[in-house]
Amino acid sequence: MRKQIPNIAGGLFLIFLLIFPLIYGRADYDYIMHILITGFFYAILAASWSMLSGYAGQFSFGHMGFMAIGAYTTGLFCHYIYISPEPTGLCWETGFFGQWLVVVNPIGVTSTTLTQDCLRQALAGWGGGVEVTSMPVPLGILLGTIMGGIAGFLIGMLVLRLRAAYLALFTLGFSEILKATISAEIDITRGQAGLELPPLYPNGVTWFGSYFEPTDKIPPYYTMLALLIVCLLILTWLARSKFGLFVRALREDQDAAAALGVNTVRYKVLVFTITCAMAAAAGAVQGHYVQIITPNMLFLLQMSLVVAMAVIGGIENFVAAAIGAILLQVALELLRNSFVIGGIEVDMTIWRLVFFGILLMVTLRFFRNGLIAPVIHYFRREGVAEETVAKRATLTGPGGGPHRAEAPD
Amino acid sequence: MLFWGVIVWMIVWGVAGSILIKRRYLARDLDTSNANFVGAMAGASLGPVGIAALWTKTPKSSNFLIVGLGLLTVLLVAVTFSFADPENICVTSGGFVASQFVNGLIIGIIYGFMALGLSLIFSILGVVSFAHGEFYMIGGMLVYFITAVWIPGVPPLLAVMGACAIAFVIGAVFERLMLTPMYHGKIDRPVEYGILVTFGLAFTLQYFVQALAGANPVKAQRFLSFPRWSWPEGADPVWIKTSRGSMTLFEQVSISSPRFTAAITCILVLLALLYLLHRTWTGKALRAVSQDREAAAIAGINPDRMNMLAFALGGMIAALAGALLVQAFSWLPQVGAIPAMRSFVIVVLGGLGSLPGAFVGGIMVGLVEAAGTGCVPDPQKAASYIPAYGMIVLTLTLLLRPTGMFGRRFASGAHGQF
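The listed protein sequences derive, respectively, from chains A and B. Numbering of the first sequence is given in my numbering, commencing with residue 1 and proceeding in unit increments. Numbering of the second sequence is given in my numbering, commencing with residue 1001 and proceeding in unit increments.
In isolation and in its complexed conformation, chain B is listed as follows (with noise of 0.2 Å):
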């Protein structure tokens, strides 16, 4: 009861603040693109004071303030929750918390990957592919079927970027055939376009996949298994300990292996591609592209062979993040829809057509799920509502600031029409 009044009491000084610091920035005749969110941050932490505050200081407002009052809003609502319901297992059970948020933390990780294809996708070619799930899921589908039914003991890095090499043909095909005719002017209207072909893409790559895989969930072994090991010897708690399948931190966090080569393996590929963007010619070209397509013509690169080279690795980037998966969850030609939804959320989130954003906006995303899996009070409730955290994370972001955190204006003038 407690929880919902202070909930609905921050809800209704949000919506007052974002109103109020708007119509004010409005008025003053200032850049809007902050006022919904830090005004609905102000009201929602600190009620009418904050935005008064807010209101008499109005030109006045830092990115640290911005982010502080996003912090002590959160902050407010866990210590909320943790009043309203001292029994709870996320209150009570410090090993708890650390294990929910190592794991949140890793599977964001992983989710940050897979969401930088799809941003990848979005600053280059302007469309929002609808079949970045789909890709997720082949690469898993793949791994199993040449570790387990193809070429059995072939070893599974092998797989793995068999399944890549894969993925990768099928992005660059599809690709050339249904959208590089957009950049032609032979379809009316790009946009929707964009959108309606890749979703066509994902309905019939998920019912290929069915067709030939069937509908029974399957799973890929572990591609690892850790040596029995700990160190400090003889202390208490062991600071490490591995056994075959896991690894458990001072005696609270485990960490299953699955979970720790996928997180490790999207790290050193995400630097991989880093150092492509940053350091090498293609990388820049891709870039160049990003910023301004006449220009980087002009220049000398073929706008057409970046397009698809860029849906290529971004179909790349899921499908790795699927065959990484494969080993910790079973899998489905349906398994792509959830995660597909998760990189929406998070492109949004952090900036639709920004790396470091869906990277970020990840981690975070991985962080809410996790709370609100081991928070919410009936488990099959949580359960049953995993797809709704994202979901109410993206409203939000829609609503109060639509650019996310790190978006860029031009992005959303050219390529989302904003």
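Bound-form chain A, shown alone (with noise of 0.2 Å):
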């Protein structure tokens, strides 16, 4: 009976957010609504990173770039294509079905004069005639996943000989090429002032007869919440199949792997392509849901923000990792407020930080399956014998177990 402790803690949990919308009445309901949403967000990064380098070993710290792939390819894709019934002859445009396809090139990058764009000029020139279809936004969200599936096949394929530092470093370095260029390429992404995306349901939405406003939080509430739970299926599936126990072969020993016939740059580079999938699918629905992405989305802040969650979740478990993340993200949001001792002013909105960056550096080295886990575990391991539970704790405890062969010397 203890044994299911987790799971049904973790069924109220879920069932407490599901209704947690519902039931929240105070004044503060949109920023608490923002935290979650944003807690949602963090939790599908944390868990497909703790995919990609807790279950398969292999240290991205590239994953932000990823997501931000996700958002950007949405953000363009509805921000310059558009289909008109009428051929505006200024814009580069194709036939399509009957409808013209119009892709708007910007004139002049500047807010100022950012009704110049050859499409207005066209709505100008028409008066009022015609109307404009934009891109729907799910097609967006889509795109945004398949193109970080694409990118990250592409590094996957690319880091292949790469592991340990060099890894970490190549997509660092991937991360902050795809920052810079997104931050120069002013007259397609508008750098650092950002690209307005539309709102995750541009006309609204009705939903078991009630209807909401575009700005409401919960269609993407629930939305994030829906992505989170199906990349939690997804990967619960992929690590009790066939897949997850290839990938933490090749995490424990990737020649070992490979000789016991592991196709080990088959699963290397599948591991990346559905985990920056991933990453890309929840930066879309983000960026749809805040309305305006910028390349600060990839400082090295938010990255370590995902590492410090997912490290101190439990970085070999998928949910603890997300558990943590939500968890993690609700608790800063809470030591935000600043308060005074004996006349000094402390600005807890910077000392969270650091509290945050201790407690990860004191979880790396005292609790190395993070806070949460070993809790699941605990009581997962209720009704197995106590010699196998003793045998384990021989094995894996401190200066007991065989070390890995590649520790440093």
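No wet-lab data here; the hints were simulated from the structure. Hints are not guaranteed to be accurate.
To be verified - Pairwise CB distance ranges, derived in the manner of DEER restraints: (1) B:M1001 to A:F97: 31 to 39 Å; (2) B:T1180 to A:R266: 32 to 40 Å; (3) A:F212 to B:N1088: 53 to 61 Å; (4) B:Q1380 to A:R26: 41 to 49 Å; (5) A:F379 to B:V1173: 33 to 41 Å; (6) B:L1076 to A:L245: 49 to 57 Å; (7) A:R266 to B:L1030: 25 to 33 Å; (8) B:V1008 to A:A9: 56 to 64 Å.
Claimed, not checked - Chain A is faced by these chain B residues, among others (derived, beta-carbon under 8 Å): (9) D1188; (10) P1227; (11) A1337; (12) T1395; (13) F1406.
Unchecked claim - Where chain A lies over chain B, by a calculated footprint (3+ residues, C-beta under 8 Å): (14) 1192-1203; (15) 1339-1350; (16) 1381-1392; (17) 1397-1403.
Quick caveat, the model's predicted, so the values are computed rather than measured. Positions of the beta carbon are idealized from the N, C-alpha and C atoms, including for glycine.
Join these two chains into a complex; the hints should help.
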């Protein structure tokens, strides 16, 4: 019975998250909802990153880069491509099932000349007689996910030979190049000014008879939660199948795995593709939710947050990583309030991150499975014979077990 | 248009050469560590002719050939650039090129020096310190606080030494608390642990400094003002002329006092470091540990102490670079990220764990960045792309010759698990 406690607790937590928006009614409703949506966003990133690094042992610091690829793909797609019933004669366009697919070229990059792109000029010429349709948001998110997957595939192919520190440096470099490119190509991405995206549901949405405005928090909340659950289900399914076994073999000893017949190339590339596609999907949805994307989301701080959340939750257990991400996001927001001790004002917006960093290091040093995963393991171990537990403890305990061959000298 | 056409041509033949020559070497059962690089360079510089020549004379390739082909490729890019954009300041003004070159060299020396610290840490601990940029930041911050806030009027030399000492202590304490357990089998996966825990240190240090110092940029006074002086008298052009803040060579190349002092100090400290590593017992012990831990321990060297010394020294070197540059740039808690990236690029380019490689790589990266910032037509774009130039070098190195220029085989075997 006690073995089921993690499942029951997880189920209760999920039900709580599902009904929370319906029962919560205080004045800071929108703020709390925003924190939770961001928490789910980080949870997807942390879970997919823990699959990539904890399960498969591929330490990538470029996860935010793939997230940005997803966000910018859907952003550029929704920003530049329209469907018009009439040819504009100004833009680059092509026939498309009796309509015209218009690719807008922006003229001028500053905000004062925003209204001057070729489609707006054409619209002004028509004088309101023609309605252009923008691209559907779900298609943009799908494209973003696919682009993230393709980028993950390519990067996975490139880093096949690289391990450990080299892999971390290479992926960090990839993320930095992407950030520099996005910041520099102002005429396309608008650089630091940020690219505006349409909301997740541009015309509002009607669920169960009630209508929600595009700015309401409930639709993005459930969308992000659904995406998180889908990602976790896929990851669970993968981890329990042959795939999970193979990538863990890859992590422990690549050469031995290859010798035993695991197609290491294939599984390395696959795990990159899948997790990067997940990160891209999260980025695309988040981009449509906050409605503006800037290259600043590629800052190393963002990546450190994801890493810290995954490590504190439990890097080898993606469910724990996801829960850790949600809880930490909430905790970080709760700690935001500054206070005064003895006449000195303590600016908690910064100090909370210091404590967070110290917590990260302490967790790494003393709880290598994170803080949440061991709790799950504790209950899971109930019912296993005590000798087995003791034997496992001596095998993996400090100083006892076999160390990995790759230990530095 | 011409430029990009030639670049695409070079990339296509470079990729083809890299793949073909590698296959050729594999089929002949030869050492393939150079095959990728030499094939790519031959393809890029000479096109199909170069690949064919290399293919027919397969086992023959010397270091001269490799370096020569690499230089030829760079030269070809430069010539194409000058034909494609004859109006560019890099083509028309020799003085501009000279001053960019000298400034690139100076900044390259400083970054090479900083990368040396990272390389030292890696060669002995087998850990890439992701907190290197934060040591750099701390060095600069401490110098600013010592000279401007805590003890105003203190000579800058003392402030720099104080900053180095504090960084040394931070490095030593962190190593003892967090990294030593790695070597006693208390950590399950040391390589990944090393990456993550230094990452955590970087995060903590950065926000700790931000919490204490605030997020406003600070800048220290310049340490040294030149005397007014020119030499030789009455010559045209004057060879050397100094004013308080800068020095002008041949009335073309201007070097500011902070950069000059920083580069000279870096070279002096580098010489001291080389003396330490090659002529003293401690230095020999450090090098012994980097070659073989167990053998060194048998010979009576305490590897744990050497680890601590290496990490502290590496952190101190980064802090020294920061302490010298705080007079040249304005300083923020986030300032460490870009030099840290550069150091990563440099150590990979030079070969992880190789000390001369770090220095040569630093100069190369400095020159590449100077060329990239000076010659790209749109200055705003050029400035935004600064972090990318180094990363392109890094990517090319990892793809073509992952051991870097002076990479040691065993360093990649035991440490980086290549």
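Structure-based check of all given hints:
no.: 1; hint: B:M1001 to A:F97: 31 to 39 Å; verdict: holds (35 Å)
no.: 2; hint: B:T1180 to A:R266: 32 to 40 Å; verdict: holds (39 Å)
no.: 3; hint: A:F212 to B:N1088: 53 to 61 Å; verdict: holds (56 Å)
no.: 4; hint: B:Q1380 to A:R26: 41 to 49 Å; verdict: holds (47 Å)
no.: 5; hint: A:F379 to B:V1173: 33 to 41 Å; verdict: holds (38 Å)
no.: 6; hint: B:L1076 to A:L245: 49 to 57 Å; verdict: holds (50 Å)
no.: 7; hint: A:R266 to B:L1030: 25 to 33 Å; verdict: holds (28 Å)
no.: 8; hint: B:V1008 to A:A9: 56 to 64 Å; verdict: holds (58 Å)
no.: 9; hint: D1188; verdict: holds (6 Å)
no.: 10; hint: P1227; verdict: violated (41 Å)
no.: 11; hint: A1337; verdict: holds (6 Å)
no.: 12; hint: T1395; verdict: holds (6 Å)
no.: 13; hint: F1406; verdict: violated (16 Å)
no.: 14; hint: 1192-1203; verdict: holds (count 11)
no.: 15; hint: 1339-1350; verdict: holds (count 4)
no.: 16; hint: 1381-1392; verdict: holds (count 8)
no.: 17; hint: 1397-1403; verdict: holds (count 3)
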